[in-house]
Amino acid sequence: MLRWVAAKVAGGAFVLWAIATLIFFGLRLIPGDPAQALLGGPGSQASAEALALVRREHGLDLPLAEQYLLAMGRLATGDLGTSYSLRQDVLTLIGQQFWGTLLLTVLSLATAWAIALLLATWATRGSRSGRAVASGLEVVASAVPHFWLASMLILLFSSLLGLLPPVSVEGPSGLVLPVLTLALPLAGFLAQVMRESLADALESPFVLSARARGETETGVRWRHAIRHASLPAISLSGWAFGSLISGAVVVETVFARPGLGRSLLSAVTARDIPMVTGIALVSALSFVLVTIATDAIDRVADPRLRRA
Amino acid sequence: MRRAQRTLTFVGGSALALSLLAGCAAAAPSSEEPVAGGTLVYATGDAEPSCLDPHVGGNYPQALLATQYIESLVSKNADGDIIPWLAESWEESDDGLSWEFRLRDDVSFTDGTPLTADAVAANIAHLKDPETASSTGYLAVGKIESTTSLDEHTLRIDLSAPDSALLDSFSMPWVGIQSPTALERGEDANCESPVGTGPFIVEEWTRQQGVRLVRNEDYNSWPQDAAHEGTAWLEAIDWRFIPDAATRYAALQSGEVDVIDNPQPNALAAASEDGPITAVAAPRPGASNRIELNAGKAPFDDARVREAFIRAAKVNDGIEGLFFGTVARSYSVLSSVEADSLSTPEYFDADLDAANALLDAAGWTQRDADGYRVKDGQRLVLEFPVSTNQSVPAEQSLFEQIQATAKQAGFQVILEPLDLSSWYGALAAHEYNLVSAPYTKVGPDVLRILYHSDSTVPAPSGYFANLAQLKDPKLDALLTQASETTDATLRAELYEEAQDIVLSGYHVLPLYDQQNHYLHGEDVEGMRALPTVSTPTFFDAWLSR
Chain A
1 MLRWVAAKVA GGAFVLWAIA TLIFFGLRLI PGDPAQALLG GPGSQASAEA
51 LALVRREHGL DLPLAEQYLL AMGRLATGDL GTSYSLRQDV LTLIGQQFWG
101 TLLLTVLSLA TAWAIALLLA TWATRGSRSG RAVASGLEVV ASAVPHFWLA
151 SMLILLFSSL LGLLPPVSVE GPSGLVLPVL TLALPLAGFL AQVMRESLAD
201 ALESPFVLSA RARGETETGV RWRHAIRHAS LPAISLSGWA FGSLISGAVV
251 VETVFARPGL GRSLLSAVTA RDIPMVTGIA LVSALSFVLV TIATDAIDRV
301 ADPRLRRA
Chain B
1 MRRAQRTLTF VGGSALALSL LAGCAAAAPS SEEPVAGGTL VYATGDAEPS
51 CLDPHVGGNY PQALLATQYI ESLVSKNADG DIIPWLAESW EESDDGLSWE
101 FRLRDDVSFT DGTPLTADAV AANIAHLKDP ETASSTGYLA VGKIESTTSL
151 DEHTLRIDLS APDSALLDSF SMPWVGIQSP TALERGEDAN CESPVGTGPF
201 IVEEWTRQQG VRLVRNEDYN SWPQDAAHEG TAWLEAIDWR FIPDAATRYA
251 ALQSGEVDVI DNPQPNALAA ASEDGPITAV AAPRPGASNR IELNAGKAPF
301 DDARVREAFI RAAKVNDGIE GLFFGTVARS YSVLSSVEAD SLSTPEYFDA
351 DLDAANALLD AAGWTQRDAD GYRVKDGQRL VLEFPVSTNQ SVPAEQSLFE
401 QIQATAKQAG FQVILEPLDL SSWYGALAAH EYNLVSAPYT KVGPDVLRIL
451 YHSDSTVPAP SGYFANLAQL KDPKLDALLT QASETTDATL RAELYEEAQD
501 IVLSGYHVLP LYDQQNHYLH GEDVEGMRAL PTVSTPTFFD AWLSR
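Just so you know, the protein sequences line up as chains A and B, in that order.
Following my numbering, the numbering of the first sequence begins with 1 at its first residue and continues without gaps.
Following my numbering, the numbering of the second sequence begins with 1 at its first residue and continues without gaps.
Looking at chain A on its own, in the form it has when it is part of the complex (with noise of 0.2 angstroms):
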């Protein structure tokens, strides 16, 4: 266990690790210039002296190489320096908008859950139409792009109906709409992984034997069948929490909702490279951790994989 655990330490580490590097270089080999971007909105021309000063200041001026063990050397110290467009601390702002995006996926994964047990349970009982239009809104919802299911959402609820705040204000009621941005396309995805390793369990011996003992049906669903058909979503889930963090840029924009996914989408825009790293870093190891952990659930469910 122990082995394993290290192991898997060290694969993270190595994750962070390239992942800082390609940023650093990514961020580099597009054309323009971050002084520039740095001094210069829309409109604005900056003056030569106050360019040579940002570069000085920012260590633009030194030789890449330099620049590249510079930024690493910090990144092992856990000093993800200052912001170029914020000109505030790189932790302090992510630490100020950790929690909001935390929440947010968090709960965008647990009703995401909820909404795919429920639709892999529905379609793999009922009737035959029923189970088709079970499987029909899995596809739909799992091909569903966030952008288009926000605004949708907004003109629904907020624009129409009025029930809703359009952009996040403080409280419960300003979550519902974004939670559902990120859960729905998860949980048709989900479903459709979770119904097909029910429609499996259901055909087997245990189930067989289950029944052969008087459970009910929904018994045996609850009780042996959705255990068995939540493995392959467990270990997926590590990967949806990745692709909440992505889905948190577009969802977090438009819901005008403070968090990291906003904040990498304008420290892109503005070229602000110690930012970009910075939330990239904490996102990597967001995704590792959990992905550490999704492993050590299925350990624990699938008593078979710690033989292995």
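There is no bait here: all hints are sound.
Here are the computed distance ranges between Cβ atoms for each label pair: (1) A:Gly-59 <-> B:Ser-146: 31 to 37 angstroms; (2) B:Gln-224 <-> A:Met-152: 46 to 52 angstroms; (3) B:Thr-206 <-> A:Val-9: 34 to 40 angstroms; (4) A:Ala-18 <-> B:Gly-377: 43 to 49 angstroms.
Facing chain B, from chain A, some residues (calculated, C-beta under 10 angstroms): (5) Glu-49; (6) Leu-51; (7) Ser-83; (8) Leu-93; (9) Arg-262; (10) Arg-271.
Derived EDC-like pairs (lysine to aspartate or glutamate); straight-line CA-CA distance at most 20 angstroms: (11) B:Lys-128 <-> A:Glu-49; (12) B:Lys-143 <-> A:Glu-49; (13) B:Lys-474 <-> B:Asp-500; (14) B:Lys-314 <-> B:Asp-351; (15) B:Lys-128 <-> A:Glu-57; (16) A:Lys-8 <-> A:Asp-295; (17) B:Lys-314 <-> B:Asp-349; (18) B:Lys-143 <-> B:Asp-454; (19) B:Lys-407 <-> B:Asp-351.
It should be emphasised that the hints constitute simulated quantities derived from the structure, not laboratory data.
If you're wondering where the values come from, they're calculated on a predicted model, not measured in any experiment.
C-beta atoms are modelled at their ideal positions from N, C-alpha and C, and glycine is treated no differently.
Starting from the structure of chain A, add chain B where the hints point.
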């Protein structure tokens, strides 16, 4: 990316159309007398500034906010005349090399520091200090050589050359006057909470959410054209950043916000005087929205090819269709609010036959299988990088229509949507034949910034404002002379001649007036845009609820 943006426009559009149908409530009659109190919620679609002090950098989002808490030496009235503000009066010396500004003696900044000649001198020093990294304000005070406080409230400004644009420059929010005590706190503190003399005070800035502005209870420096005297009616303004246009509009409809900027044209067209949502239009000064033709390289180094492109591009139908009649076609490089603007529709008549004849004459006689013209084995290709941060979806659709009409004459226009940094990069590398770049500056002196050959010399960053690559000694002489003359009639003549050179040389395709549009709910009364750079001011605004 490209498809995503189209979807964005389409979804936003249909969402708007449907929600308009839903939101047809009758307007409540408003009381006539202004009511004091209340918090107005403003939602902006412009970027969140990185610094609330408009001296630092100097772009439009900063001007929008700064108008609420920082005031200028002079202002403009609706007719475009300069009027006193923090400066009571001023006098220019005969040689135009020195100015004396007499300041009001009863005004204090919101931190208690009095407004004095030294305070204004400290502001000019702050703008000129490279550490401030000012861009717009830095250019505006470029000719100021030194300042002298003649007495507590009189400041003399000495120039390196006469500057007929000095008063225009001093009217801009980027050259607003801030408390010298506050400036001394250093850039970080000053970016967070700049201190001016305005009707509101910056209380708190929550990144990505908004800025909380509260009423200045000691306010006494309203401009001459204000509707009332005393403090602002509103107790506070909640300034929120809502980047998505459809969400912003939905928030206005649901009453969560009171005023929005940057609405989509269809939302604007649906607003009306007696409906629940009212539009406020405010033309921006300086240059019009236009496409510059890069004459610095082939194929636009040939004037016939430039004219052919302009004759082939059909602009009017696109503007009518895409902007729902909310903007007017421009035939000038200057905004129509500029008194010296020259409008020449005759140079811009769409005429496909003329375009074809011009291209034939220029040697582009062959066409390839796709219908594009070819000369010496080279296709007639025009690169058009578009900054998606500075262009609304409707404008990008207009560019697509121009691309389609220019194709009929045999031009292949390649539209390249880019983020701001990549866009700057493409311009710096001269990788463009066509470009649309906004530029807001008060007064016709913007012509010198945009078309003087000095502006083709790139800064170390590679940026230059003369994107048309115009290098005409005669034009240079006219623009320099105009910027130095104090004779208004002569100045107008010089600018007219200069504009005719730019327009008749087919260096620019003007599209429409740069306009700011605001939409507000039925509870909002008395809102107006300041005539300087058309930023909204809420000093006279009140809420009827």
